[in-house]
Amino acid sequence: DAGVTQSPTHLIKTRGQQVTLRCSPKSGHDTVSWYQQALGQGPQFIFQYYEEEERQRGNFPDRFSGHQFPNYSSELNVNALLLGDSALYLCASSLGGPHYGYTFGSGTRLTVV
Amino acid sequence: KQEVTQIPAALSVPEGENLVLNCSFTDSAIYNLQWFRQDPGKGLTSLLLIQSSQREQTSGRLNASLDKSSGRSTLYIAASQPGDSATYLCAVKWGGSQGNLIFGKGTKLSVKP
Chain A
2 DAGVTQSPTH
12 LIKTRGQQVT
22 LRCSPKSGHD
32 TVSWYQQALG
42 QGPQFIFQYY
52 EEEERQRGNF
62 PDRFSGHQFP
72 NYSSELNVNA
82 LLLGDSALYL
92 CASSLGGPHY
102 GYTFGSGTRL
112 TVV
Chain B
106 KQEVTQIPAA
116 LSVPEGENLV
126 LNCSFTDSAI
136 YNLQWFRQDP
146 GKGLTSLLLI
156 QSSQREQTSG
166 RLNASLDKSS
176 GRSTLYIAAS
186 QPGDSATYLC
196 AVKWGGSQGN
206 LIFGKGTKLS
216 VKP
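These protein sequence lines are chains A and B, in that order.
Take the first sequence: its letter number 80 is residue 81 in the working numbering, and every next letter is one higher.
Take the second sequence: its letter number 4 is residue 109 in the working numbering, and every next letter is one higher.
Isolated chain B, as found in the complex:
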């Protein structure tokens, strides 16, 4: 069964700290992996998309890595800010699946001033 797991479920850090969010997935035959941010009661904002042939993607203070062989991805946030507080979701699209993104349950991040 294709599954996505995110640990920890919640994380609280002081402002300015660098942090890493983890995502693991079964079955390495993925098309791509996408990281999203979700504010309470809101929709999903795409942060980074990594294709199966790529090892990492960067956008500003965010860096996402992908290791298909170990079934892991990490989202690195540098110099965290209170505005980064949100739930971060990892979603995987597998080969043979035309449109089915499978999501983890997310990591709820709180950055304290």
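Okay, chain A solo, but in the shape it has when bound:
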């Protein structure tokens, strides 16, 4: 049973560029959440998608946007990259109810230079 799959694993971008990260949820999961983890910190919630709509959003600027497809896979887009956007981006999938646990992917390491 495949878990959560993220691509790419590593990415280097230049300030001002745009980036798209991709996530395929665990089989049977319909909800995808994205987190940003800076070095030495716990993950910070960016947003969650359910039924192809953004259900909740954390304290991130509009430069961060996302999408969920009918097959439940998801994309995270970041525009106008800043040096401070360098981090590990984690995707988590779950079922839609509040009592379910989360399964995380291995993450995408984004470096902005």
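Everything labelled a hint here was simulated from the structure, so no lab data went into it.
Source: prediction; values computed, not measured.
Even glycine gets a Cβ: it sits at the ideal position worked out from N, Cα and C.
Fair warning: there could be bad hints in the mix.
Stated by the list, open to error - Below, computed lysine-lysine pairings styled on DSS-like, alpha-carbon distance capped at 27 Å: (1) A:K27 / B:K210; (2) A:K27 / B:K147; (3) B:K213 / B:K106; (4) B:K173 / B:K210; (5) B:K147 / A:K14; (6) B:K106 / B:K217; (7) B:K147 / B:K213; (8) B:K173 / B:K106; (9) B:K217 / B:K173.
Stated by the list, open to error - Stretches of chain B that chain A covers, calculated by requiring three or more beta carbons in the stretch to come under 8 Å of a beta carbon on chain A: (10) 134-147; (11) 181-189; (12) 207-218.
Claimed, not checked - Computed beta-carbon distance windows for the label pairs: (13) B:R160 / A:G97: 38 to 46 Å; (14) B:V118 / A:T112: 39 to 47 Å; (15) B:D144 / A:R23: 16 to 24 Å.
Since chain A is already given, all that's left is putting chain B on it; use the hints.
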């Protein structure tokens, strides 16, 4: 403000020792609490999920307890091994929050042979 705190930030123990990692949280109205393990530069591996109605969960050498009234959870690791060396993260989902797991900063565990 809903916050999760993990103390200590780092812990070093000799192999074979039993140990306890601590997690405290504000606001007892939680849905559940999840413990994760993270190896350097990697994603999160779920260890244990405790629902708000439960007092503890066990998996192999791991036992997690939950005391909502005091806002505390502990992760007990029995007979520690060098392979247990990793960062352990505690994450809480609160009522009213559809998808927002709030994480502590983690405890970095080192088990010396």
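Point to revise | Violating hint indices (sorted, rising) | key: Going through the list in order, the structure violates hints 6, 9, 11, 13, 14 and respects the others.
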